[in-house]
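These are the residues of each chain, in order.
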Amino acid sequence: MRPELKNFKGFTLKNVPKEDWLAPGHRACQGCGTVLPIKLALKVLGPNTIVASPTGCMEIISSPFPFTSWKVPWIHIAFENAASVASGVEVALKALRKRGKISAKQKINVVVFAGDGATVDIGLQFLSGALERGHDFVYICLDNEAYMNTGVQRSGSTPYGAHTTTSPAGKVIKGQVTWKKNTPAIAAAHNIPYVATASPAFYLDFMNKVKKASLINGPAYIHVFSPCPTGWGSEGAITILLSRLVVETRIFPLYEIIDGKYILNRKIDQPKPVEEYLKLQRRFRHLTPEQIEYIQKRVNEEYERLVKLCECFSPSEEE
Amino acid sequence: MGKRVAKEVSIAVADAVAQCRVDVIAAYPITPQTHIVEHLSELVNNGELDAEFVTVESEHAALSVCIGASATGVRTFTSTAAQGLLFMYECLFIASALRLPIVMVVANRSVSAPISIWNDHGDIMTMRDAGWIQTFSENGQEAVDLVYHAYRVAEKAMLPVAVNLDGFIVTHVVEPIELLDQELVDRYIPPYRPKYKLDPKNPITVGAIGVPEIYTEARKALDVALENSYRTIVQAWKDFEKISGRKYQPVETYRMEDAEVGMVIMGSLTETAMNAVDKLREEGKKVGLLRFRLWRPFPYRDFLRAIGKVKSLVVVDRALSHGSTGGPVGIEIRSALYQSNKRPKIVNFVAGLAGRDVTVEDFIEMFEKGYTYMTKKAPFFYEIYGVKE
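Which chain is which? The protein sequence lines are A and C, in order.
Under the working numbering, residues -7 to 311 are what the first sequence spells out, in order.
Under the working numbering, residues 276 to 664 are what the second sequence spells out, in order.
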């Protein structure tokens, strides 16, 4: 067990911080599954936090000058480089601390909230650089599985079969032809101390992961499932339901990788069929039974693979 | 006074950056900038410079790291050239509009294709419109002095500064160079106290979305800041003269008094062109030379004053602006003159691309063209000099 997590105590319903650091009145859509994790994460991180965001929905909805929803220092530069900007903030804090300009005791969290396009596609090189260099920061990818801000174009994180405006359900090609890129695995391949997946339906689990990520020295990566009613053609009211179903169908398992040790946070012994999750979203309505069968098969395989990793590389007894 | 020592210019430039007590350096290797950042890495790893050196994975990240660090309130440095500058292009415009005093040394190099590592101004001329203060050096001593100057100006004007020196021709030569005593540097560049920074004690939002109602005003603010920086730049050179004895001004002239044909040039070719001026003067020809040390903001008044009563101006560009009406400097000068009452004939050459040698004889030939077109218009907008047919 990492020494930073020795005295770690998880959140319960009783001790969730009341203060919010993302102000209401922002312009997110109803049922936005991206803004919710940001709000929860900031509750955990508190006011001693500096946030870097890439271009994307969250930048648009939160900062139309002269308004801002950010009650913590926040910086947006461009689409691909939030990890580099956060690197700059982190080293600057280090320099200021060395020179006694901020007290050694004052812990300031450096956090990135980025969409999937900014993380898994255009920003992957920048993320890789920052993870490899070992900056002490938390990178939270809010994965709504397409470029929503520009009007629902496919990304490397769009699931197989999904209709987007650049992977339309056509007469010949029916939606996204590739499987979702496994970005947490890419992050883990950098041998960083902490990688996790999370879903807003399991909000205490998510908040605990943010807490651990902030406590651990060095880079931490959290990949958060983030439903987008506008892009997915789902009702705003079922964002949480979808966030739960995606875990219960084994499509998006919840796990942590701490120092290379795998922990499956939620073992799904009796999975629901993937169709239960797919049928609630217009982006999947064109899927043929064969396509659904393929998805089911591949989801099972990927889950089994993860279970094996968790068995092979589990934390030792004393941990 | 500091001691004069023979040093490779890149090493001296890096030493000057270190003397400015930079907090964060982020850079990615690209020829011919490498010796600068290699030496800075050495200084950091030997414990001679207390700075964070971020070994980024690209130039885009280099400037992004500098932006993040500068916004957090520390002094930053990066350096690049050619393709590296083009790769960080997007962030150039953001650094200036966010008013971040980042200092960047550009070891000027031609842009690809064809790929070439040699010197011209094709890289830096692409960032004419990026809102940065831009200065050009002629030799190593000047490059070093412009680095000190850059930090003083950047932090006072709240604008990023690009200091240019010609790749190889300046970066890789050994010159006698005098670095300022540390005590003088500390007086010239006091500790950085940013007006705004990312600080949890006083949270601010940086890089907000500019709706149509505010974008124009935001850009106007940058435009005004750049224009106003002129006074800061000139004052900083005056202050520099007091501590170093070395005098700098936005436009440098050589034998321009009474000149009838003038030449406009930038960077290290100047010294060769001076020899051409001397030769022609010996023959009784009234020729002179002027060089832009300051390129952005464009020193309009200094330029008009410097050209005196020339009948023609030979403008030697080190870059192309394909499909346009001149080289970047030629275009700028024609535009500037049109706002004035002076109407010298313009003979615009593009020369010395990608390290192609430009000799004294070449300059003499260009001056002669200046005489040819002293009374009649040149039949071309610009001519690429010395093309092998």
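Note that these hints are calculated values from the structure, not bench results.
The structure displayed is predicted, hence computed values, not measured ones.
Glycine is no exception: its CB is placed at the ideal position from the N, C-alpha and C atoms.
Please note that the accuracy of each hint is not assured.
To be verified - In silico lysine-lysine, BS3-like type, Cα no more than 27 Å apart, as pairs:
| hint | chain 1 | residue 1 | chain 2 | residue 2 |
| --- | --- | --- | --- | --- |
| 1 | A | K90 | A | K271 |
| 2 | A | K86 | A | K6 |
| 3 | C | K431 | A | K90 |
| 4 | A | K10 | A | K63 |
| 5 | C | K644 | C | K663 |
| 6 | C | K476 | A | K86 |
| 7 | A | K35 | C | K472 |
| 8 | A | K1 | A | K31 |
| 9 | A | K99 | C | K663 |
| 10 | A | K90 | C | K472 |
| 11 | C | K476 | A | K35 |
As the list claims (entries may be wrong) - Short derived list, chain C residues pointing at chain A, Cβ under 7 Å:
| hint | residue |
| --- | --- |
| 12 | E313 |
| 13 | V349 |
| 14 | P465 |
| 15 | I479 |
As the list claims (entries may be wrong) - Anything over 10 Å on all C-beta distances counts as not near chain C; from chain A, calculated:
| hint | residue |
| --- | --- |
| 16 | L(-3) |
| 17 | A44 |
| 18 | E51 |
| 19 | I178 |
| 20 | V238 |
| 21 | E296 |
Hint check results:
As the CA atoms of A:K90 and A:K271 are separated by approximately 55 Å, the hinted pair breaks the 27 Å bound. Pair hint A:K86 plus A:K6 does not hold up; C-alpha atoms about 35 Å apart against a cutoff of 27 Å. As the CA atoms of C:K431 and A:K90 are separated by approximately 24 Å, the hinted pair is consistent with the 27 Å bound. Proximity of A:K10 to A:K63 is assessed by CA-CA distance (about 14 Å); at most 27 Å being required, the pair is judged to hold.
Distance check on the hinted pair: C:K644 and C:K663 sit about 19 Å apart at the alpha-carbon level, within 27 Å; holds. At roughly 17 Å between alpha-carbon atoms, C:K476 and A:K86 fall within 27 Å of each other, so this suggested pair holds. The hinted pair formed by A:K35 and C:K472 meets the criterion: a straight-line CA distance of about 23 Å does not exceed 27 Å. Restraint check: the Cα-Cα separation between A:K1 and A:K31 comes to about 20 Å, which is no more than 27 Å; the hinted pair holds.
Between A:K99 and C:K663, the direct Cα distance comes to roughly 64 Å. Violation of the 27 Å bound is thereby established for this hinted pair. In summary, the hint linking A:K90 to C:K472 is supported, as the alpha carbons are separated by about 18 Å, within the 27 Å threshold. Distance hint between C:K476 and A:K35 is fulfilled; the C-alpha atoms sit about 17 Å from each other, no more than 27 Å. Look at C:E313: its Cβ only gets to about 18 Å from chain A, farther than 7 Å, so that hint breaks.
About 4 Å separates the beta-carbon of C:V349 from the nearest beta-carbon of chain A, less than 7 Å, and the hint is met. The interface hint given for C:P465 is broken, as the beta carbon of that residue sits about 14 Å from the closest beta carbon of chain A, more than 7 Å. Given hint, C:I479 at the interface with chain A, holds; its Cβ is 6 Å from that chain's nearest Cβ, closer than 7 Å. In this structure A:L(-3) is separated from chain C by more than 10 Å, as the shortest Cβ-Cβ distance comes to about 24 Å.
Listed as a non-interface residue, A:A44 fails to keep its Cβ farther than 10 Å from every Cβ of chain C; the least gap is roughly 7 Å. Listed as a non-interface residue, A:E51 fails to keep its Cβ farther than 10 Å from every Cβ of chain C; the least gap is roughly 7 Å. Separation of A:I178 from chain C is adequate, the least Cβ-Cβ distance of about 14 Å exceeding the 10 Å criterion. Non-interface status of A:V238 relative to chain C is upheld: no Cβ of that chain comes within 10 Å, the nearest being about 31 Å off.
No beta-carbon of chain C is positioned within 10 Å of the beta-carbon of A:E296; the least distance is around 34 Å.
Hint violations for this structure: numbers 1, 2, 9, 12, 14, 17, 18, all remaining hints satisfied.
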